[in-house]
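Peer 1: Go by the hints and put chain B onto chain A.
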Amino acid sequence: MSSLVTEPVAPPAPAPPARPRQRRRFPTVPWLMLSASILILGVVTGYPVARMLIMSFQEYERAQVMGMPAEWVGLDNYVAILTDSGFWAVLGRSIVFMVVAVTLTMVFGTLIALLMMRLGKKMRLLVAVGLLLAWSMPPLSSTTIWGWIFDTEYGLVNNLLTRITGERWFGHSWLLDPLGFFTILTFIIVWGAIPFVAFTMYAGLSQIPGEVLEAAQLDGAGPFARFRLVMLPYVRTIVTVLIVLSMIWDLKVFPQVYALQDIGGDREKTNTIGVYIYQMGMGQGHFGTASAIAFVFVAIMLLLSVYYVRRTIKEEEL
Amino acid sequence: MNRARTADLKPAAPPRGAAGTMPSTRVRRSPARRMRDAGWGLVAVLVFAVFVFPVYWMLNTSFLPNNRIRGEEISFFPMPDVFTLDNYRSAMFSQERAPFPPAVVNSLSATFITLVVCLVIGFVASIALTRFTFKGRRTFIILILVIQMIPGEAMIISLYRIIDGWALINTIIGLSLVYVAGVLPFTIWTLRGFVAGVPKELEEAAMVDGCSPAGAFWRVTFPLLAPGLVATGIFAFINAWNDFVLALVIMQRPDTMTLTLWLRTFLMVTQATNWGAVMAAAVLVAIPAVIFFLIVQGRMSGGLVAGAVKG
Numbered sequence: 008m009s010s011l012v013t014e015p016v017a018p019p020a021p022a023p024p025a026r027p028r029q030r031r032r033f034p035t036v037p038w039l040m041l042s043a044s045i046l047i048l049g050v051v052t053g054y055p056v057a058r059m060l061i062m063s064f065q066e067y068e069r070a071q072v073m074g075m076p077a078e079w080v081g082l083d084n085y086v087a088i089l090t091d092s093g094f095w096a097v098l099g100r101s102i103v104f105m106v107v108a109v110t111l112t113m114v115f116g117t118l119i120a121l122l123m124m125r126l127g128k129k130m131r132l133l134v135a136v137g138l139l140l141a142w143s144m145p146p147l148s149s150t151t152i153w154g155w156i157f158d159t160e161y162g163l164v165n166n167l168l169t170r171i172t173g174e175r176w177f178g179h180s181w182l183l184d185p186l187g188f189f190t191i192l193t194f195i196i197v198w199g200a201i202p203f204v205a206f207t208m209y210a211g212l213s214q215i216p217g218e219v220l221e222a223a224q225l226d227g228a229g230p231f232a233r234f235r236l237v238m239l240p241y242v243r244t245i246v247t248v249l250i251v252l253s254m255i256w257d258l259k260v261f262p263q264v265y266a267l268q269d270i271g272g273d274r275e276k277t278n279t280i281g282v283y284i285y286q287m288g289m290g291q292g293h294f295g296t297a298s299a300i301a302f303v304f305v306a307i308m309l310l311l312s313v314y315y316v317r318r319t320i321k322e323e324e325l
Numbered sequence: 008m009n010r011a012r013t014a015d016l017k018p019a020a021p022p023r024g025a026a027g028t029m030p031s032t033r034v035r036r037s038p039a040r041r042m043r044d045a046g047w048g049l050v051a052v053l054v055f056a057v058f059v060f061p062v063y064w065m066l067n068t069s070f071l072p073n074n075r076i077r078g079e080e081i082s083f084f085p086m087p088d089v090f091t092l093d094n095y096r097s098a099m100f101s102q103e104r105a106p107f108p109p110a111v112v113n114s115l116s117a118t119f120i121t122l123v124v125c126l127v128i129g130f131v132a133s134i135a136l137t138r139f140t141f142k143g144r145r146t147f148i149i150l151i152l153v154i155q156m157i158p159g160e161a162m163i164i165s166l167y168r169i170i171d172g173w174a175l176i177n178t179i180i181g182l183s184l185v186y187v188a189g190v191l192p193f194t195i196w197t198l199r200g201f202v203a204g205v206p207k208e209l210e211e212a213a214m215v216d217g218c219s220p221a222g223a224f225w226r227v228t229f230p231l232l233a234p235g236l237v238a239t240g241i242f243a244f245i246n247a248w249n250d251f252v253l254a255l256v257i258m259q260r261p262d263t264m265t266l267t268l269w270l271r272t273f274l275m276v277t278q279a280t281n282w283g284a285v286m287a288a289a290v291l292v293a294i295p296a297v298i299f300f301l302i303v304q305g306r307m308s309g310g311l312v313a314g315a316v317k318g
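Protein sequence lines, in the order shown, are assigned to chains A and B.
Letter by letter, the first sequence follows residues 8 to 325 in the working numbering.
Letter by letter, the second sequence follows residues 8 to 318 in the working numbering.
Check before you lean on any hint, since a few could be wrong.
[To be verified] Only part of the chain B face toward chain A is listed, based on derived beta-carbon distances under 10 Å:
1. T68
2. P72
3. I128
4. V131
5. A132
6. F273
7. A293
[Claimed, not checked] Away from chain B, derived, C-beta distances all over 10 Å, residues of chain A:
8. D83
9. W95
10. N166
It should be emphasised that the hints constitute simulated quantities derived from the structure, not laboratory data.
Virtual Cβ for every residue (Gly too), placed ideally from N, Cα, C.
Bound conformation, chain A alone (with noise of 0.2 Å):
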């Protein structure tokens, strides 16, 4: 490592539209810096994603894994994962699942971050603790402490219920039923999610100039107005942002559901899409179709991040 600096930009070649005579040095030390970077991507992502790509056109079940060689089978893993009522209803599920808890995410985190700008610095500083909280635990901690409080026997929901309605609710199974398991899924997630949008939008609303806002007020523009005509031009580009990765996230929701799963849910009615994934290939041995099925999936993830990902390489000036 002799020289860390920039080495001198090459004085620009002579002829325009000819290439450069004189060949330029291949840059040997950087590359040599982003080697192992480059080996362990390459081994373990890129390989990987190959894999994939290659099992999903293979017949790939226990006994390829035993050692019979697999057979080229061309698109059938699509057709049949296509063509197959089950894959649909594991993708519509999570894609309704998906934009309920986005909606809901978006729309708490807004109200909070608007709370917050409200609020002076004490009882800012509460909410964000209560935010840092939720946002610090790690989804398989919430998911239980969530599992637990709508527990069937003696849960803190069927408690409380049995107290106010006086019906007797002991024994009420909330995860038995598939709209059930989803709702306390939606808590979950939405609860675990919030923290970070609000915290973002208020980062964002707070950089809004206060006269903008003033000016507004004095021009007669309510509360709602002033939201929809004057906060929200300015950080339009912040809430698309959000969204798109509080859908990517939501979308690949996997520890929580198959924990609440095994709390006691139906996994027939309530897998979404990661879950079915690791169901299809590792529970039922089928390689091949779940390997079909994550390729689908990666596809759908790339192309609803590419908005993000333009605008960031935009941000960066890359």
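Peer 2: Just chain B now, kept in the frame of chain A:
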């Protein structure tokens, strides 16, 4: 990989918000206005309660004896006369459960290896990406950004086949390898921002004063980067520590479980679930993550915002 909610860590977001940028709508405090402030204060307390309650409930249950947990009477506080550590004892040492000590060792080793490897490799890469200009640099950075968007949940099948092929299933090495690959793009991305934040002129000044290029880097830039390295390292730690999916696929024997897998075993026997012990286990898994998270939280949000609000 569980990099999700931290995907947007960015270096040194300029201090904002708290200090001077609040809209200055406070003119005079009329009684009506004071009433309204009190109203918002009440809402704030409510929001606080909603977010803290589950965490409080977890702690509360973890310190209560079983007869209180299962009673129809709700115990809202582990009073001294009922306060107990039995749940923690049961979670950690009960013979009927998956063993706790190896789970801690497994989690700590995989997490530690991930942290060190990611920091070293990511740091070297981030220097290459910021202190050199070369062909392919931009492509590499964009590639890192795109790789970050590939969900680990989709990779589990092929990762399992590959790690199995290398005979690394049920090994810390296998798990760490997968974690490193999962966390590295994020590490490179973040460290790149930190290194870019230290002006090259500082190094050049040191070189004018007689430092070698390497010496200038280690004596001037590196100390300035220390906080960034700590923050990034902690995020690598949290990501690996909280991971569930990859451990589920790679660590399949009871003695090779990580802590999240260990916590999951508590949930599997529905009927006999001992919620006191489960909550104690949840606390044990959460403690390191919460502590480290709170250390670096200042750098969490805001990254998205930097430069996004343009007048």
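Peer 1: Just checking, N166(A) versus chain B, shortest CB gap more than 10 Å?
Peer 2: Incorrect as stated: the minimum Cβ-Cβ distance to chain B is 6 Å, not above 10 Å.
Peer 1: Please verify that hint: P72(B), Cβ, nearest Cβ of chain A, below 10 Å or not.
Peer 2: Violated, because the Cβ-Cβ distance from P72(B) to chain A comes to roughly 13 Å (cut-off 10 Å).
Peer 1: At a threshold of 10 Å, is the proposed contact between A132(B) and chain A supported by beta-carbon distances?
Peer 2: holds, 4 Å
Peer 1: Determine whether the non-interface label on D83(A) survives the test: each CB of chain B must be over 10 Å from its CB.
Peer 2: Correct as stated: the minimum Cβ-Cβ distance to chain B is 17 Å, above 10 Å.
Peer 1: Checking hints one by one. Is V131(B) an interface residue toward chain A, by the C-beta closer than 10 Å rule?
Peer 2: holds, 5 Å
Peer 1: Could you check that no beta carbon of chain B comes within 10 Å of the beta carbon of W95(A)?
Peer 2: Given that every Cβ of chain B is farther than 10 Å from that of W95(A), nearest at about 18 Å, it holds.
Peer 1: How about T68(B): closest beta carbon in chain A under 10 Å, or not?
Peer 2: Constraint on T68(B) satisfied, holds at 7 Å.
Peer 1: Does I128(B) hold up as a contact with chain A if the rule is Cβ-Cβ below 10 Å?
Peer 2: Where the cut-off is 10 Å and the nearest Cβ of chain A is about 5 Å from I128(B), the hint holds.
Peer 1: Let me know if the C-beta of F273(B) comes in closer than 10 Å to any C-beta of chain A, holds or violated.
Peer 2: holds, 8 Å
Peer 1: Grab the minimum C-beta distance from A293(B) to chain A and call the hint holds if it beats 10 Å, violated otherwise.
Peer 2: At about 4 Å, which falls below the 10 Å cut-off, the nearest Cβ of chain A leaves the hint on A293(B) intact, so it holds.
Taken one by one, the earlier hints fail for this structure at numbers 2, 10, listed in ascending order.
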